[in-house]
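Asker: Sequence:
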Amino acid sequence: MMNLNILFCVIPLFFGKSTLGQKSKDPLLECPSLEKGDTYTQSEFLSRLAHECRYDRLLLPTYQTGDVVFVHASAYVYFIQPAEAHDLNFKLHFLLQLRWTDPRLAYALYSPERTKIIGESDLRSRVWIPHLYMSNEQSSSLMGTDSKDVLISIAPDGEVLFSRRMQAVLYCWMNLQKFPFDVQKCSMNLESWKYNASILRLMWEKDNPVRLSSELHLTEYSLLDYWTNESVVRGDIVNMRLGGGRSGNYSALKFTFKLGREVGYYLMDYFIPSMMIVAMSWVTFWLQADASAPRITLGTSTMLSFITLASSQAKTLPKVSYIKASEIWFLACTGFIFSALVEFAFVNTIWRRKKVVNLKKVNSKYILKSTLTPRLARKEMQKELQSSPQLSKSRSCSSLNQETSSDPAGPGFNNYLTVHSFPSALNLPTITTQSYDELVRSDRRNHNCASEGSDEPPKNHTWTQMTPQEIATWIDKRSRVLFPLLFVFFNIIYWTFVYCL
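Numbers -21 to -1, 1 to 480, taken from mature numbering (1 follows the signal peptide of the UniProt record, and there is no 0), label the letters of the sequence shown in order.
DSS-like cross-link-like pairs, simulated, lysine-lysine; straight-line CA separation at most 30 Å: (1) Lys185 / Lys70; (2) Lys157 / Lys303; (3) Lys164 / Lys70; (4) Lys294 / Lys237; (5) Lys333 / Lys456.
No wet-lab data here; the hints were simulated from the structure.
Between the sequences and the hints, there should be enough to build the whole structure, so can you do that?
Answerer: Right, dumping it as structure tokens:
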């Protein structure tokens, strides 16, 4: 019995020691050797180089020294597709390359014959990669067919080159005040997500940081220029975008390209047709003022045609609060077409008048004044006649003559013999005989007026009479010249504004 008890006590101690010995062997402390690294395959050597015992992918490359990690960036642009103006975005296909140095991955001493380690997604999951994001991104994705296009290469000195091919839809806040003669500046903004500028600094490559494909062609725009710059974003702005918990300033990169809109389409599809429509509205000036049907038809049809043309262009634009250059053109052309309609209504109203218009001079001032305010023009004429003595005498003599011919008073005025024509094919004249006394009285009055006027010759005050039809025709003739000149003057100002200012 005693031997059995001793045996039961010894067995647990034996197995217990063996268990303790196994627990003391920590796998994290057993680092695979890097000696003779050239004898290993790339996968084997990489698994030893990036083993968790000597490499932590969650820590910065310079976590031991506390130095700043400099990440150099470059981009190769394959394709730029500016979207419609109302979308306020653009699509970009590009290759983004990031370069930094990780001393923990230097292997020149262990594998001198190995010039480069190249891998894809498997290598990406083993090494530290800076976390960047595009602040003006609407949507983005990695490009590729079977697998995503990600490539990582590690140089013997520990320099890491990370490349990924992406497509992104980025916001571009366009200024459309000069549309369609606008020039837009759109950009791609890269910012550090996790580390502030005191830990990680983003920099563009010194030589050709951004390169464009030789096959890059744009449809609606032309690429005028592009440039890069580096900046620092305040932490409070980043917190507003991404949420709190971030302090300090964050490094950022910006790639900006300048796009000029191609105006050939808009000239052929909008501006030149609108010029022709405005010119068509002037055809009414060559029609007679009483031709209401053709002038109204032509005026309204040109107005409707221009509004239809302009509405097709307005559908592609966002609804903004400021006035665009295209809207200024629309308002001006609408004003010219509407003015042609108003001119027709004006001359047609004058044409239908029956009273002859007295004009001091035949010019625009007196014609428009007499037609717009005929009563005021007549009052001014009467005042001028009253202020001139010679004209007053002439007017009084004229009135006396009128009274002589129209006043039935007088002893011999009843001696009239009037023979009226009978309704027949022959037109017999009306014969009037006047008494001798009335003839003498009329002759004396004429002699007195002549003697009064012979003292001083009357001044040359000429008043011209024009019929309403003549005035309407005169206005139409002036409109044929005035409207085109005003439209040419507007075009000079408009095209100077859109191209020179």
